[in-house]
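> Following the hints, position chains B, C and D against chain A.
Protein chains in written order, with numbering that gives the first Met the number 0: chain A, 0 to 349; chain B, 0 to 349; chain C, 0 to 349; chain D, 0 to 349.
Hints listed in this document are in silico derivations from the structure and should not be mistaken for laboratory results. One should not assume that every hint holds.
Note that identical chains are pooled: a pair holds if it fits in a single copy or bridges any two copies.
[Said to hold, decoys possible] Straight-line C-alpha distance at most 16 Å; calculated EDC-like pairs for lysine to aspartate or glutamate:
# : residue 1 : residue 2
1 : Lys340    : Glu110
2 : Lys143    : Glu265
3 : Lys340    : Asp63
4 : Lys59     : Asp70
5 : Lys143    : Asp279
6 : Lys152    : Asp209
4 protein chains.
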Amino acid sequence: MSAAPGTRHAPLAVAVLGAGRIGRKHAETLAHRVESCRVPWIVEPLEDVGRACAADFGAKWTSDPAEAIADPAVDAVLIATPTNTHADLIELAASYGKPILCEKPIDLTMERTLAAISAAEKAGVPLQIGFQRRYDPSYVRARKMIEDGAVGKVELVTATSRDPQPAPLAYLAVSGGIFRDCSIHDFDLVRYLTGHEVVEVFAYGAALVDPAIGEIGDADTVVASLRFDNGALGVVTSSRRAVYGYDVSTEVFGSGGKVVVGEAPETLVRRYGKDGVTHDNIYWFLQRFEASYVVEVEDFVACLREGRAPRVTGEDGRAALAIADAATQSFKEGRPIAVAKRPLPAGAGR
Amino acid sequence: MSAAPGTRHAPLAVAVLGAGRIGRKHAETLAHRVESCRVPWIVEPLEDVGRACAADFGAKWTSDPAEAIADPAVDAVLIATPTNTHADLIELAASYGKPILCEKPIDLTMERTLAAISAAEKAGVPLQIGFQRRYDPSYVRARKMIEDGAVGKVELVTATSRDPQPAPLAYLAVSGGIFRDCSIHDFDLVRYLTGHEVVEVFAYGAALVDPAIGEIGDADTVVASLRFDNGALGVVTSSRRAVYGYDVSTEVFGSGGKVVVGEAPETLVRRYGKDGVTHDNIYWFLQRFEASYVVEVEDFVACLREGRAPRVTGEDGRAALAIADAATQSFKEGRPIAVAKRPLPAGAGR
Amino acid sequence: MSAAPGTRHAPLAVAVLGAGRIGRKHAETLAHRVESCRVPWIVEPLEDVGRACAADFGAKWTSDPAEAIADPAVDAVLIATPTNTHADLIELAASYGKPILCEKPIDLTMERTLAAISAAEKAGVPLQIGFQRRYDPSYVRARKMIEDGAVGKVELVTATSRDPQPAPLAYLAVSGGIFRDCSIHDFDLVRYLTGHEVVEVFAYGAALVDPAIGEIGDADTVVASLRFDNGALGVVTSSRRAVYGYDVSTEVFGSGGKVVVGEAPETLVRRYGKDGVTHDNIYWFLQRFEASYVVEVEDFVACLREGRAPRVTGEDGRAALAIADAATQSFKEGRPIAVAKRPLPAGAGR
Amino acid sequence: MSAAPGTRHAPLAVAVLGAGRIGRKHAETLAHRVESCRVPWIVEPLEDVGRACAADFGAKWTSDPAEAIADPAVDAVLIATPTNTHADLIELAASYGKPILCEKPIDLTMERTLAAISAAEKAGVPLQIGFQRRYDPSYVRARKMIEDGAVGKVELVTATSRDPQPAPLAYLAVSGGIFRDCSIHDFDLVRYLTGHEVVEVFAYGAALVDPAIGEIGDADTVVASLRFDNGALGVVTSSRRAVYGYDVSTEVFGSGGKVVVGEAPETLVRRYGKDGVTHDNIYWFLQRFEASYVVEVEDFVACLREGRAPRVTGEDGRAALAIADAATQSFKEGRPIAVAKRPLPAGAGR
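Here chain A stands alone, though its shape is the one from the complex (with noise of 0.2 Å):
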């Protein structure tokens, strides 16, 4: 929403890399949502759809990310594009300087995430990484009050998140499996809410709602168990398809009660019949977590206008994934598997 009279700032430019859907909003965001913003280019390797969302949002085209990550007008760069061309487009806008807002996750491996934060950290541009829903308006409340002490000393979490169907098959053969994928939401948000590392888990994995999910090593249906490095325990619970619509839910309990964070009804309306007491179920990711990417972004904004660093690190995309690497070595060998740990000296810790 605009600022109030009198608190103008220069606009700030930022190019969007990728016209996909993600990107498409991002750079609506960022052309009518946030104040004093605007999109310069937008590159996209397809020449219609780029062109297209340029004209929308005022911005120029490029199906090359150099052209507009280098261009002197460029204040900034957000990164939409498919995950295994992340890690490249963090490491050329880290060259020219340029701060960097990137969908999550880094890459699907390890090796590349950490030099993707290396060369951001080298570079000492600001990297932020696309959890939207640390900015979910529940989750930023509920972490409130966790940290205002709503339930004592952390002793057990849940965490589950259901998606109404399974993506297509090809995208699943890449997407580095359903803990990669979509656990990582969930291993991303136990860190968020608690303040603690995982150190090992333990996973359980099935393919229930397709074989096809199977034969390519990956499962659809999956429980991982947690270990914290505080002692307390966790799980975290996925699936590929509730027919109900889209199902995350959040609890953190411990010594002093807990704190939820529910289902999301799609409206408040209620229906009393012969059956019952029904109310319609959220379908889709979009309606949950609309709100929380455009924070995100408002915030990435925010963020550099007034020096501070972003609210989701290099650091927690690395972390998130390392708790998805081992859950997935844990499926696969059927023992608990230590997460690892930064191999680093450096610093950016939490």
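Okay, now just chains B, C and D, sitting in the frame of chain A:
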């Protein structure tokens, strides 16, 4: 949200009259949220407020409504000025043949309300009234369910509105009283949800929140019983102060069940502690109905483009006011009062 | 539940008058649930019903109320006969000095109600009226909260009762009408919860469920607006038919917030499917208030043992009837009606 | 509740072994709630406790189980003694051919559990195990829905149990550990609700509530991941201390949706104030499951009368213990453990 490429429209120019809280919000919606729309003029008596608002949305400023309305580049006008100016501005816009979206109510008197409606009708310009609740996803869903038979034949309707705190006394003194200022939203909702007209009202009122409200002849706590044209009964209750926040809920009950639009929690968070299970309540009407204001303006523009009649007409404004008038008279005279029908032979109808 | 060893009491002998559904239930409670209590007599005109009931609870049967009431072994009487016999039986029991628990209402006429109360007062026998909702854990908790200040000063009270289906027309014809038969529970509740008296009523009524109900001069759907002695307002709505079950809810709103006693789900089960999220609603008043009937009888016995006055007095019965009388008159005459105060100088009070 | 006249049965005499809290409750149910049932003996080592209990329910007292069990007037026995006596008493009752209702668990060791089941089978006497949750109306309803296809093919099961506070350490030391003492209810529930067997368990445990619990080799906070024989996954979490009360909830998710048995509010009251909207949580398992204990005993008697097998068998007791054994071993050894199948060729089965 912007339309997909290829569905371009000629930009529609909507002058915004009034740069207060709600005028600004509408200007922002027109400038930033509605595809291919622009705000050529901000009309506002206070120069600095008007200029600042105009600058934010790429508009020119004037203190003279006629200057903006008469501008041939202006396609339509949005009236968000104080209530006592609405009827004059509707007549002015009608005289220039410009379609109108006017905040509720049209006027506090039935005479001027009828005159303004008549002016728009004679000029053949669309007149949409700003009962924003009709664009709320929950109320839209409820009406759809009721139309589809979810409650069978309507028998008993209950509607409640409570503000978190009274407006300033200076505002209340010119507000037309609680029935015309606050309950009027519920009088409109019960017509919208049931498709039936209210024919008689009996109202109790009391000044329990603030005796000063009683001293100006108004009430801050009211119960208005309703009889509908199909024999159904109803009740609207309102209060100027609910310490727990903004409390709006509505129930339509009938031979086949009931549909309830319930209260709005602020977030999806619940806290469990020694004192029980607690969630936050919503506090402010803009939290509850923010999306509705946007959809209302989007629909105004879409109706103009598609040549559809607005969803909320001048007659809807008159009918709700007629119920509020009857309630006010009943409150003062202590007896049931018949609701005035539209006096003209004419035929806006519903 | 039985008392702990060592708190023995002399067995209390309570004659039960009436062996219908509710009489049987009370007899079972007295015989099996209340410690050291027994049922010496079942009084019932139908011999086989009476004998069977007596056999189940170790009682003797008679068709003659006087035989049971006069028995020196009888300590108290419980009246669960048809309403038109209540006042006579109260007077009879009073004449023998026997404490009385009488189902509501005392009588459908104010004259006989006052006479019965007076008889009990003159005889100095406790007279408890069977408004069982006052013993429901939810209503007890709500009243405690309100007494403790949870809503501050009471300003607006809302109470709803809906039966799943109308009683047979033959019953309705002698029921005294919907206000005396159904809404009376809510008229009692609003007095109980607020501690205030209703001074005026305006009531709308309609026969929407069954025209035959209208033909006997009764309504099946009603809205009764209330004014309280402290200036607060209220509304009671009732319906003879809710297809989704038994629907009772009550809200007390005031300067400090509100307390709601809500609807009762049948179980704790929720089902999530393609059609949304559904739970069962309770269907029958005995599911909702079964425990209350037991506590009511336990409390009657406890009051006798401890020499306490009953929690629900003859005056409570009269006051609720007076509101029902005023509502009935208002419904018939179309104007607000003052609620009759207790005519006597005497002093049951609350 | 008593049966209707005309369905008389010969009185059934059930000896109650153990006059502690739960033994008293069962004796009361048999003596007062179940039609045509009586309690001929209370068996209790503490004479005063036993005599008092016997007096309350019209029974004789003995400290010698054999005296009661051998009495030809005794038709069946209910075992509510400490766990370490269950197997011996089952064998004793079986040797006299008396049907048995035994509180869970049969024994803390699999060896004695199998021996007791075998003794009952050889003697041909019904053996019902006291998993009272299977008689809770919510769980009964949930199972019915699942059997009727509400969740389609079961894929993911989640069950949580939390006590308000830990039992005394002296009790915990002989309880068999949290999996056999607390989680065992959920291990039984997941079998009951899904109709599938658990084949493997991985369990984490920690002593977070009280380090002394860790010092005796037990945990107070656990997460047990499950694999079922149909490939479905599950997770059971338990805690010895939830400050907000007794927290039991269960979710069965599958290809067609999910069924949830949720938490239990203490009453139907909600309070709205400046701090939000609050309701009371239930605090004690007897509030949550009181009705279940009564239905459990009623069903035991009904099964005997009708010659039906009990709803909860010795095999159910063994199977839940086998899961608890595997969970305990997994917790101690840090690896997944296969759940032992019934070793015998025999065939209680489910």
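> All hints are to be evaluated individually against the structure, with a verdict given for each.
Okay, the hints, checked on the actual structure:
For the identical chains of this complex, lysine 340 and glutamate 110 are intra-copy neighbours only, at 13 Å inside a copy versus 45 Å across copies, given an alpha-carbon limit of 16 Å. In this homomeric assembly, lysine 143 and glutamate 265 come within 16 Å of each other (Cα to Cα) only across copies, at 15 Å, whereas the closest approach inside a single copy is 25 Å. In this assembly of identical chains, lysine 340 and aspartate 63 lie within 16 Å of each other by CA distance neither inside one copy nor across copies; the values are 36 Å within and 63 Å between. Taking the shortest Cα distances, lysine 59 and aspartate 70 sit within 16 Å of each other inside one copy (12 Å), while across copies they are farther apart (33 Å).
Proximity of lysine 143 and aspartate 279 under a CA criterion of 16 Å is satisfied inter-copy only: 13 Å between copies versus 29 Å inside one chain copy. Only between protomers do lysine 152 and aspartate 209 lie at most 16 Å apart by alpha-carbon distance; the minimum there is 13 Å, versus 40 Å within a single protomer.
Comparing the model with each numbered hint stated earlier shows that hint 3 is the single one that does not hold.
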